[in-house]
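J.: If you read the sequences in order, they're chains A, B and C. Offset between the first sequence (1-based) and the numbering used here: plus 17. Offset between the second sequence (1-based) and the numbering used here: plus 5. Offset between the third sequence (1-based) and the numbering used here: plus 942.
Check each hint, because a few of them may be wrong.
Simulated restraints, written as ranges between beta carbons of each label pair [unchecked claim]:
1. S131/A to G194/B: 31 to 41 Å
2. K152/A to R87/B: 16 to 26 Å
3. K82/B to S97/A: 18 to 28 Å
4. S1054/C to E75/B: 32 to 42 Å
5. K152/A to D25/B: 33 to 43 Å
A few chain A residues that don't get close to chain C, going by computed Cβ distances all over 12 Å [said to hold, decoys possible]:
6. L29
7. L51
8. G60
9. Y67
10. R69
11. F91
12. F98
13. S153
14. Q194
15. L217
Derived DSS-like pairs: lysine-lysine, alpha-carbon spacing no greater than 25 Å straight-line [unchecked claim]:
16. K152/A to K82/B
17. K138/A to K10/B
18. K138/A to K244/B
19. K152/A to K123/B
20. K1056/C to K1099/C
21. K11/B to K138/A
22. K1056/C to K126/A
It is worth saying that the hints were derived from the structure and are not from the lab. Ideal Cβ placement from N, Cα and C applies to all residues, glycine included.
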Amino acid sequence: MQNALSVVVDSLPYLLQGSFLTAGIVVFAMFLGLFIGIFMSVGLVYGNRYIRNILTVYVWIFRGVPVVVLLFLFYFGLFSFLGLNFSAFATVSIVLGMTTGAYQANIFKGAILSLPQGQFKAASALGMSDIQAIKSIVLPQILRLSIPAWSNEYSIILKDSALAFVIGAPEIMARTQFVASRTYQHLSLYITAGIIYFLLTWAGVIGLRKLEQYVRIPGYSQHGNQ
Amino acid sequence: MMTDKKPILRVKNITKSFGDVTILNSVSIELAKGDIKILIGPSGGGKSTFLQCINCLVMPDSGEIELDNERIQFTRKQDIYRLRQEVGMIFQDFNLFDHLTALGNITVPLRKVKKMSKKEAEQRARLELEQVGLSDKESLYPAQLSGGQKQRVAIARALAMDPKILLLDEPTSALDPTLIGEVINVIKGLAVKGMTMIMATHQISLIHNLADEILFMEDGRIVEQGPPDALLAAGNKSKSQGFCDLLNELSEVEG
Amino acid sequence: MELSPFYQDLFTSLNRGLLMSIALIVPSAVGGVLIGITAGAVRTYGNRFFRTMANCYAAIFRGTPLVIQLFVLYFGLPNLGIYLTPYLAAVLGFTLCSAAYQSEYVRGALLSIKSGQYLGAQALGFTTFQTIVWIILPQAFRRAIHGCGNEIIYLIKYSSLAFIVTCIELTGAGKTVATEYFRFTEVFSIIGLYYLALVSLAIIILKKIEHRLFIPGFGHH
């Protein structure tokens, strides 16, 4: 056990350095997902039949195929097939972003549909164009409503980012595996990595809860408009 | 009271069906500046759809709308946005934007649609809030306002856009009886200032005191129309008369 | 039409992998639901000690990546002299992780039942046990089923991690063929279709169950 502890202490800085890459992946993926999710949800609700069908297929694929399979497909397959030379880091960020985008699209779609119809109607009655109504009236409301679901997505993406090691991005998990395979202190090292992920998960969840309180409006919460 | 002035809004032969059901069957109305026309009739008669057709919130299947002698092309978005800016709408259930304060509800269309600066928009919004007696409530959110206050903010929001005409769709029917008075007072104030209005309402005091003309709608048609003195004269056997008697009885029962 | 050797190889491997995937998913799903219901009930009704324990369990398994849990079970436990087969490590990891998430839905469903329901039952002379069996569970089940179903869908997708602990299921089988023939795009697209089929099938079955149990007022919205 003496040995296990000293290995953990010695390698901790090295492991923690990996959390910068992990954080980079998560932040990039979340914002890419937010971007994709907003546009897709608007298309899913207000788009014509063709747009809706295409977007529905996208959601179906990215919600149905495991992240590992997507990582292999994009990193070893599609990207090189298309002549794109993306790093492992870029691939993981993009794949996770596209995946969470599909989930976020559904989250935002649900939020848009839960808004009373009168909100859009009143905006139109005041002469706003559809785009103005979506920007000034619909989005500010659904983004607030979606924060709790967003925090859930954050925690999923953070944990999924640990899969980056299968294509060799040097984040927390990959670094842990590297040290473990040399020192044979698997148990203590993986538990350490688990603790790091655990802390990152809760830090993010608490941060988003703070954000939710910060943008909170009376009568407006995850339980809807009371 | 009927004027010979030129009409500012002319709505001709509006027809609208949903599936097989005809909601509006060739309904027409004309308004001159300062006119107040009141729609009455049983619910489901098409009053609300008609009002929503007038500013194209519901797109008519056929018919014509002319604003200031200019025909609105239903296929042209720009025409429709212009129409909506000049024809304000008050909804039965207020439809305040739930994520914005009373002040924000009024400034958001001013800034986004009228492209006013923030400062200008706020000045204007405060003026309108003062008019409806809610100066002290500007930083409250819809969930913190009573029904009557919400409707007054909605009216202030519509007026801030300087509409030529105001459409009111049963503005008091979602309110507690105790809160109706404050909204009625605001609407009466508008009439005094010469606002041109089309209003669907079952509020006897509004019908009697404000209407230049009453239009009785039933089954998607205007079946009776005329000035209240004529339609509601004692002994007149008009549908409007019968309907208003019914409303009177109801309001007496409610006390 | 005769398939090329590549496709013959691929489909033989994938079908063998598919069987392994199913052998991983079914026991993990069943175990996950059973342990999840138990943990959810303890987290809602248990005394303080058991409640804290169950809460910690759920927080740990929900707060850390499944890969790490699998690595601890498969590579970590041997440090303590405990050796698990790849299959056992995978099923154990999937079950424990899935149950932690399931307990969350079960707890939410139990908490959402209004106190009037207990009072109503008690007023009619139900015992506590009868109240739970006849009143609470039928309601909670309907409230929880949508979330629990989604969790099973996640489980199907995350069963793809078993190959990392050398339990060769669908993804692992495909990866071997892909590396051998160096045809990644085709192989992983086809694997993707296998998972889409599995997930879609599960969604259809779950919708059927939800539909059959539907009562007005108990939708998942």
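J.: Confirm or reject each hint.
T.: Here is how each hint holds up against the structure:
1. Checking the proposed 31 to 41 Å range against S131/A and G194/B shows it holds: the Cβ atoms sit about 36 Å from each other.
2. Against the hinted window of 16 to 26 Å, the Cβ-Cβ separation of K152/A and R87/B comes to about 20 Å, which satisfies the hint.
3. Hint check: K82/B to S97/A, Cβ distance near 45 Å, so the stated range 18 to 28 Å is violated.
4. Taking 32 to 42 Å as the suggested C-beta distance range, the pair S1054/C and E75/B does not conform, at roughly 56 Å.
5. The supplied range of 33 to 43 Å is met by K152/A and D25/B, whose beta-carbon atoms lie about 37 Å from each other.
6. Listed as a non-interface residue, L29/A keeps its Cβ farther than 12 Å from every Cβ of chain C; the least gap is roughly 16 Å.
7. Taking the minimum C-beta to C-beta distance to chain C, about 21 Å, the non-interface status of L51/A holds against the 12 Å cut.
8. Every beta carbon of chain C lies more than 12 Å from that of G60/A, the smallest distance being close to 21 Å; the non-interface claim holds.
9. Y67/A, annotated as away from the interface, keeps every beta carbon of chain C farther than 12 Å; the closest lies near 21 Å.
10. R69/A, annotated as away from the interface, keeps every beta carbon of chain C farther than 12 Å; the closest lies near 18 Å.
11. Its closest Cβ contact with chain C, about 9 Å, brings F91/A to no more than 12 Å, contrary to its assignment away from the interface.
12. Interface exclusion of F98/A from chain C breaks down, the closest Cβ pair being 5 Å apart, not more than 12 Å.
13. Every CB of chain C lies more than 12 Å from the CB of S153/A, the least distance being 26 Å, so the non-interface label holds.
14. For Q194/A, the condition that its CB be more than 12 Å from all CB atoms of chain C is violated, with the nearest at approximately 8 Å.
15. Its beta-carbon lying about 9 Å from the closest one in chain C, L217/A breaks the requirement of being farther than 12 Å from that chain.
16. For the hint pairing K152/A with K82/B, the CA-to-CA distance comes to about 18 Å; that is within 25 Å, so the pair holds.
17. A distance of roughly 32 Å separates the Cα atoms of K138/A and K10/B; the hinted pair therefore is violated under the 25 Å criterion.
18. Of the supplied pair hints, the one linking K138/A and K244/B is violated, its CA atoms being roughly 32 Å apart against a limit of 25 Å.
19. With a C-alpha separation of about 17 Å, the suggested pair K152/A and K123/B falls inside the 25 Å cut-off, and the hint holds.
20. With a C-alpha separation of about 35 Å, the suggested pairing of K1056/C with K1099/C is violated against the 25 Å cut-off.
21. At roughly 30 Å between alpha-carbon atoms, K11/B and K138/A are farther apart than 25 Å, so this suggested pair is violated.
22. For the proposed pair K1056/C and K126/A, the alpha carbon gap of about 29 Å is over 25 Å, so the pair is violated.
Taken one by one, the earlier hints fail for this structure at numbers 3, 4, 11, 12, 14, 15, 17, 18, 20, 21, 22, listed in ascending order.
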